[in-house]
Amino acid sequence: MLKAISTTSVRSVTRAGFLWAVAIVVVVMAAVLLPAFRTPVSVNSLLASLAPLLLIAIGQAIVVIFGGIDLSVGAVAGMATVVLSLHTIVPGGAPAAVALAVAAGLVLGLVNGTGVLLGINPLLMTFAMAGVVQGIALLLQVVPDAGTPFDLVKVLASSFGSVPAFALVAIVALVLAWLWMSQSRTGRVIQAAGYDQRIATRLGLPVRTATLIAFGLSGAFAALGGLAIVARTFTADALVGSSSVIDSISIVLVAGIAITGGVGSLLSVLPAAVIIAVVGQSITLTGTDAYYQTIFKGVLLIAAMGLYQLSGSTIRLPWCLGLRARDRTNAQASRELKE
Amino acid sequence: MTNSLRRVAPQLWVAYSLTLLCLILLALTSQDGITLDRVLRILSNAAPLGVVAVAQTIVIINRGLDLSVGPIMNTAGILVALMSAAPNASLAVTIPIVIVTGAAIGLVNGLLLAFTKIPPLLGTLATAAVIQGIYSLVTRGQPRGLIPAELRELADGRLLGSSFSASLVIWIGLLIVVGLLMGRTVAGRRFYAVGTNPRASWLSGVPIRSHTVFAYVASGTLAAVAGILLVSYSGAPSLTAADSYALNSVVAAVIGGAALSGGAGGMAGTFAGVAVMSFLATVLNSFGIPPSVQLIVSGAVLILMLFVNGRISRARSRT
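Chains V and S supply the protein sequences, listed in that same order. Using my numbering, you'd call the opening residue of the first sequence number 1 and step up by one each time. Using my numbering, you'd call the opening residue of the second sequence number 1001 and step up by one each time.
Among the hints, erroneous ones may be present.
Unchecked claim - Examples of chain V residues toward chain S, derived with CB under 7 Å:
| # | residue |
| --- | --- |
| 1 | Val27 |
| 2 | Gly131 |
| 3 | Tyr291 |
| 4 | Ile302 |
| 5 | Met305 |
| 6 | Leu307 |
As the list claims (entries may be wrong) - Derived SDA-like pairs (lysine to any residue); straight-line CA-CA distance at most 25 Å:
| # | chain 1 | residue 1 | chain 2 | residue 2 |
| --- | --- | --- | --- | --- |
| 7 | S | Lys1117 | V | Ile295 |
| 8 | S | Lys1117 | V | Val299 |
| 9 | V | Lys154 | V | Ala99 |
| 10 | V | Lys154 | V | Pro95 |
| 11 | V | Lys154 | V | Val90 |
| 12 | S | Lys1117 | V | Leu239 |
| 13 | V | Lys154 | V | Thr88 |
| 14 | S | Lys1117 | S | Leu1107 |
| 15 | S | Lys1117 | S | Phe1164 |
| 16 | S | Lys1117 | S | Thr1196 |
| 17 | S | Lys1117 | V | Ala103 |
| 18 | S | Lys1117 | V | Gly119 |
| 19 | V | Lys154 | V | Thr39 |
| 20 | S | Lys1117 | S | Ser1030 |
| 21 | S | Lys1117 | S | Gly1263 |
| 22 | S | Lys1117 | V | Leu19 |
| 23 | V | Lys154 | V | Leu140 |
| 24 | V | Lys154 | V | Phe234 |
| 25 | S | Lys1117 | S | Ser1261 |
| 26 | V | Lys154 | V | Ala165 |
| 27 | S | Lys1117 | S | Phe1214 |
| 28 | S | Lys1117 | S | Asn1045 |
| 29 | S | Lys1117 | V | Thr88 |
| 30 | V | Lys154 | V | Asn44 |
| 31 | S | Lys1117 | S | Tyr1233 |
| 32 | S | Lys1117 | V | Leu140 |
| 33 | S | Lys1117 | V | Asp196 |
| 34 | V | Lys154 | V | Ile171 |
| 35 | S | Lys1117 | V | Val263 |
| 36 | S | Lys1117 | V | Gly92 |
| 37 | S | Lys1117 | V | Gln141 |
| 38 | V | Lys154 | V | Ala103 |
| 39 | V | Lys154 | V | Gln141 |
| 40 | S | Lys1117 | V | Gly306 |
No wet-lab data here; the hints were simulated from the structure. These figures come from a predicted structure and were not determined experimentally. Idealized CB from N, CA, C, for every residue including glycine.
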């Protein structure tokens, strides 16, 4: 029997109920234990740090549901902050720089997708691209006359009450991406290709186009995440996104999106991101060493991956250096026979 | 003769052609051409990368990947400096402890990846983050200590008045020993078997888990050695100095024909990979090209070689 894989159905949302409960418990605990957590300033800064996490994780989630992975999101986010600082040179000024930053992300994502189409392992393709993109961003960073466009950044960083504009953008983007992924034709093709790329190809689904779309979107969302980082830090830094890779993968895994592709709901990214953001905020507020955050993230990533194993489902790893295709299909066939 | 030539993997031909090309490029771009002494000096500076590339190759042959080599190298450097600053410190105690620390981190990686189905790249990425967090916490972001002069001699000194530096000899020695062990002994060939087809190896009685664990322990050990070489070359411990070595060691192994699907590659190829990268970096440096461009070049070379090697192995499996 095939399990229901629709991701907008009420059932799939309620399946993530546990995650939502954990997220709520974490927020409530932080609010009860830390008086500083309840202040408007803290809420504002929490949401401001949630926005880039969420935006980058959306892109990562799309790629992971497709059955790939994107290790270049951090470099692309850093690149976007640097491109924004080029507003003095770009014709059209600051608005053009914003458009250019997102376009650059999209193009870099498409390059990743093209590499994957050429038969390069997504893990390594995006890993290598991360080096290339970081190099380009470091080069652009030293362009003279560049500077953060303060007027524009003030607009980006504006907030309604204690809710930053970018947090709203991120949540709207998440809901749109969720609906698109589960209701549109392209979204369904991405899920199907992630579930079993070979069968999707044989059914005549446009898997190649879906590859480009998934990686392109990941790049564009990473660039948006970079803009959200600028709105928070007001600086252009090629290396600013370096923690985004591990963050976004942890969020996607905690959200219950299978690293093997095809399974999971984009909406669960929200509670997962909230958990990580709130823990980060609590570490800052309690004055605990920020380095604990790095350790926490590493342990969380291992725990999230380990949990999948414990959950008992046999894992197919299309892009990882795991079992070969033939072994995999055999294992799958025998599993289906048993069921 | 032709038979033994045909047995050489085509990837190896590509790797050594590239090495020759880079050598010619090096000769053309410098005024006084190339001398053996200069080539040896360049290679001797590449010894840390060389040793860590040996580590990476072992893991890749076993169908893994180790991204924690950079943080392990940093840890080694920090530990060396920290322990040498203590009164009555001696290198005879420090160096074994540092190497054992590297092996211990490798053991954690190995156990983690052998007993779960966590993809190696993500698993080692996570342990890399944990290691970075721990040493940042311990050093409070500011590594202290000193590098003893004897260690500096490792990088700068010349052995017995020849043009070989001690670090070059260590690298080449490790390369040859590991190469012979992996390629010529039954125990070593088993790593290739596990990498090529874990299930078939398991069915024929090869304990694949202990091979995976051992590969990561070897990688951690060698990364610690590379860290010692790096810190004796740079003269100061750093929290970030070795970060680029994760990417670069993978690039070197891949140039040398190591396939990330496991079971392919070897130390001869990896030597060519390291040589290509260090010659190329020297050429770029001589034009005053900034390190950021070198990052772009190594990323682009990795993509290109993944593509080329993928094509070669696909063409070979078809015939």
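Hints, verified against the model:
no. : hint                      : result
1   : Val27                     : 24 Å, violated
2   : Gly131                    : 3 Å, holds
3   : Tyr291                    : 4 Å, holds
4   : Ile302                    : 5 Å, holds
5   : Met305                    : 4 Å, holds
6   : Leu307                    : 10 Å, violated
7   : Lys1117(S) <-> Ile295(V)  : 21 Å, holds
8   : Lys1117(S) <-> Val299(V)  : 16 Å, holds
9   : Lys154(V) <-> Ala99(V)    : 17 Å, holds
10  : Lys154(V) <-> Pro95(V)    : 13 Å, holds
11  : Lys154(V) <-> Val90(V)    : 19 Å, holds
12  : Lys1117(S) <-> Leu239(V)  : 31 Å, violated
13  : Lys154(V) <-> Thr88(V)    : 16 Å, holds
14  : Lys1117(S) <-> Leu1107(S) : 16 Å, holds
15  : Lys1117(S) <-> Phe1164(S) : 44 Å, violated
16  : Lys1117(S) <-> Thr1196(S) : 17 Å, holds
17  : Lys1117(S) <-> Ala103(V)  : 37 Å, violated
18  : Lys1117(S) <-> Gly119(V)  : 23 Å, holds
19  : Lys154(V) <-> Thr39(V)    : 22 Å, holds
20  : Lys1117(S) <-> Ser1030(S) : 50 Å, violated
21  : Lys1117(S) <-> Gly1263(S) : 19 Å, holds
22  : Lys1117(S) <-> Leu19(V)   : 23 Å, holds
23  : Lys154(V) <-> Leu140(V)   : 23 Å, holds
24  : Lys154(V) <-> Phe234(V)   : 9 Å, holds
25  : Lys1117(S) <-> Ser1261(S) : 16 Å, holds
26  : Lys154(V) <-> Ala165(V)   : 11 Å, holds
27  : Lys1117(S) <-> Phe1214(S) : 17 Å, holds
28  : Lys1117(S) <-> Asn1045(S) : 38 Å, violated
29  : Lys1117(S) <-> Thr88(V)   : 49 Å, violated
30  : Lys154(V) <-> Asn44(V)    : 15 Å, holds
31  : Lys1117(S) <-> Tyr1233(S) : 38 Å, violated
32  : Lys1117(S) <-> Leu140(V)  : 40 Å, violated
33  : Lys1117(S) <-> Asp196(V)  : 19 Å, holds
34  : Lys154(V) <-> Ile171(V)   : 20 Å, holds
35  : Lys1117(S) <-> Val263(V)  : 17 Å, holds
36  : Lys1117(S) <-> Gly92(V)   : 50 Å, violated
37  : Lys1117(S) <-> Gln141(V)  : 40 Å, violated
38  : Lys154(V) <-> Ala103(V)   : 22 Å, holds
39  : Lys154(V) <-> Gln141(V)   : 21 Å, holds
40  : Lys1117(S) <-> Gly306(V)  : 8 Å, holds
Hint compliance for this structure: hints 1, 6, 12, 15, 17, 20, 28, 29, 31, 32, 36, 37 are not met, and every other hint is.
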